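**Q** Below are the chains, spelled out letter by letter.
Number of protein chains: 2
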Amino acid sequence: MTDPMTLKLDDCRALDAQDPLRDLRQQFMLPEGLIYLDGNSLGVLPRAAVDRVAHAVIAEWGQGLIRSWNSAGWFDLPQRVGDKIAQLIGAEPGEVVVTDSTSVNLYKVLSAALNLAAADGPGRRVVVSERSNFPTDLYIAEGLCKARGLQLLLVEPDDLSAAMTADAAVLMLTHVNYRTGAMHDMAAMTAAAHAAGILTVWDLAHSAGAVPVDLNGVKADFAVGCGYKYLNGGPGAPAFVWVHAHHVERFWQPLSGWWGHASPFAFTPGYQPAPGINRYLCGTQPMLSLTALDCGLDAILAAAPFGGMAALRHKSLALTDVFIDLVNQGCAGHGLAIATPLAHGERGSQVSLSRAEGAYAIVQALVARGVIGDFRAGDASGPLASQLDILRFGFTPLYTGFEDVWTAVEHLRQVLESGEWRQPAFAQKNAVT
Amino acid sequence: MTDPMTLKLDDCRALDAQDPLRDLRQQFMLPEGLIYLDGNSLGVLPRAAVDRVAHAVIAEWGQGLIRSWNSAGWFDLPQRVGDKIAQLIGAEPGEVVVTDSTSVNLYKVLSAALNLAAADGPGRRVVVSERSNFPTDLYIAEGLCKARGLQLLLVEPDDLSAAMTADAAVLMLTHVNYRTGAMHDMAAMTAAAHAAGILTVWDLAHSAGAVPVDLNGVKADFAVGCGYKYLNGGPGAPAFVWVHAHHVERFWQPLSGWWGHASPFAFTPGYQPAPGINRYLCGTQPMLSLTALDCGLDAILAAAPFGGMAALRHKSLALTDVFIDLVNQGCAGHGLAIATPLAHGERGSQVSLSRAEGAYAIVQALVARGVIGDFRAGDASGPLASQLDILRFGFTPLYTGFEDVWTAVEHLRQVLESGEWRQPAFAQKNAVT
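Same order as they appear, the protein sequences are chains A and S.
Using our numbering, you'd call the opening residue of the first sequence number 1 and step up by one each time.
Using our numbering, you'd call the opening residue of the second sequence number 1 and step up by one each time.
Among the clues, some could well be false.
Same chains, same names: a pair is fine if it fits in one copy or spans any two.
[What the hints assert, rightly or not] Restricting the straight-line Cα-Cα distance to at most 25 Å, the calculated cross-link-like pairs of lysine to any residue (SDA-like) are:
no.: 1; residue 1: 84; residue 2: 32
no.: 2; residue 1: 146; residue 2: 115
no.: 3; residue 1: 146; residue 2: 121
no.: 4; residue 1: 429; residue 2: 194
Note that these hints are calculated values from the structure, not bench results.
Remember, predicted model here, so these are calculated numbers, not experimental data.
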């Protein structure tokens, strides 16, 4: 870790010069003059996607037409892209498919997990999650629990262990928290859940491509994740789903569409689920978006010769350490607090800063200066510390350098020192920031 | 109707010359030398989509990044494209959203319909459909019925009326049959269902953009449809969903994700469904594929000055009449039968030919000659007439001309006369044709 009292622009430039991953940035089309610290919301454009998507439109769709299901490999693209994701999350080839949205996939796996729990141990009628889990995960769980007459129990992170009782069927957690960047110990949590007879469902939205994940190593049960954040798949790219080999063939998932059928082109009456993870497919998938995601994965897998996810994690921690140091060094006295855990093992690839007021306007003032982070409102129903609004900064080691971090914090310092964030224009909220 | 005994190539050219819609074809990028009669499976590429998708990749994603949720209008694209589809299916602005796949949307509306039926009339425990409905529709219904302990009753078309009993909750039908092209009378079926206290769920996969549909006019209850067939949205384009205004706010649909929330960006705990059809959204949608679909819709709406869907239907019937006449005229004695109803009111925009053997190889021999139709296997569990294999030809009046029809049938005649379809290479089945 660098010395926070002496970290200068030249030090950051030296860190970039020593960075073995620095050339991976050339794979991406970064807007001129922009420092993009929001890859945890929407990853940037891989250069290869420009030609690949154009090819999918003009050659595969335009010229190949229906023949491209075979000739362009559309039909097994969910599996081929899934196999690339598998390499990032500790899964085997053939264990991951790319399909639908994270929310829809969560519905599938939580349904299957509840069926599995009911078959294995009747009487378990509680789904345990974190109160501060990503809202859509809780909405999906709320809907399923309501439909099945089950209880959704939401607790603070410190109370998760106590909630793992004989009533609990499923522990549903997001590995890295979207607001704070706090990361669960997946191995320990999964082991504790299993010791209590509870199945685990992990949302890897802020983990896949951001931190090393070893689903088979920790013996997780079910996992889903997002294609357009750290996987750089483009806006609304399809999501992915993984199920442990022990469970995958025990149940149908409820969205029993043709693409999850054992013989999808037989068009036979009577649903027969496909072997393995393919049964988690449902309807036809958006090939243009899936093609873009394939390029995003290639850009991550290009880090393999340099150490892959371990090397990316090493740089991510260095970037976030530098950011934290620089904020502490340059922005002291402005009411900012580091809301992300400082311990390496307890955080993902983002740093969140909390502030009692003005967080939204400060984010907007930074955007006006070409530094893009994002804003997340305080959690009014949570404990005191989580009621503060958040300035959120994602660090994507594939395309973010140490000089970017220095420049971003310098802009933040100037925004705070100058008070320019108090301009009325920065206070107006748009739908998305 | 033309005289089947005298229809010549010059007659077809004359029909093209008189066709007021002939210039709409210029909107599409048709492969040189190909006659594409498979737009009922995957519509062709609208020229505008090439630049629009490239713009979405390079400018909206690449340069705009997260800001494009607002600045490029990503956030309301499901509604804006939905409003265009609404114009084709007799729905009002704000009644249709584009999202997910047809199968996933069918799960949502059938779930909601069953909840509605249970609330309005307990004891109705049967979902009625056609045995020859599209398999994925039946798979979804089978899964839902299994999970809820309901019965899925599958009958032949002639037995649908008898199946509308006091036990029936929902009548789920595909408007135009994917194999035969037979079209239900949506107004009469819906009225009969309502008279028996039964809700209707319509799949418009082979109707939207192909035949006039008037959902509000016939007082349908729920409808879903496909984006990549007659709507020309590109491979796996998102699907659409419509619910009658009387029902739309009575229930959650089960896939209660963030995009269907009343305040999707408030990130508040506790699901509150959005007003109206927006609650049928779930997770983030694939923007590149959605952008392509928007272009497909524009290409159909360009027919509005010429009479819109009524004019497209007029031409579609003329094309299919000519095809039927030419097949009867040129291909007699080769064991082909017209499997599509001849009456205009009873068919969609395709013509299916049945044959006791060789249908697959004949389709392949046509493909080798640059005439693309497709093959559907006989329905072994069905009545005798439906056990025959099908050669399926879709006619999309936006980009198909009468000379195309003449040339296609001439190739079919030559394939049959020459017996070239008996070559072993044409007998090998791929996954998709």
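**Q** Tell me, which hint numbers fail for this structure?
**A** 1, 4
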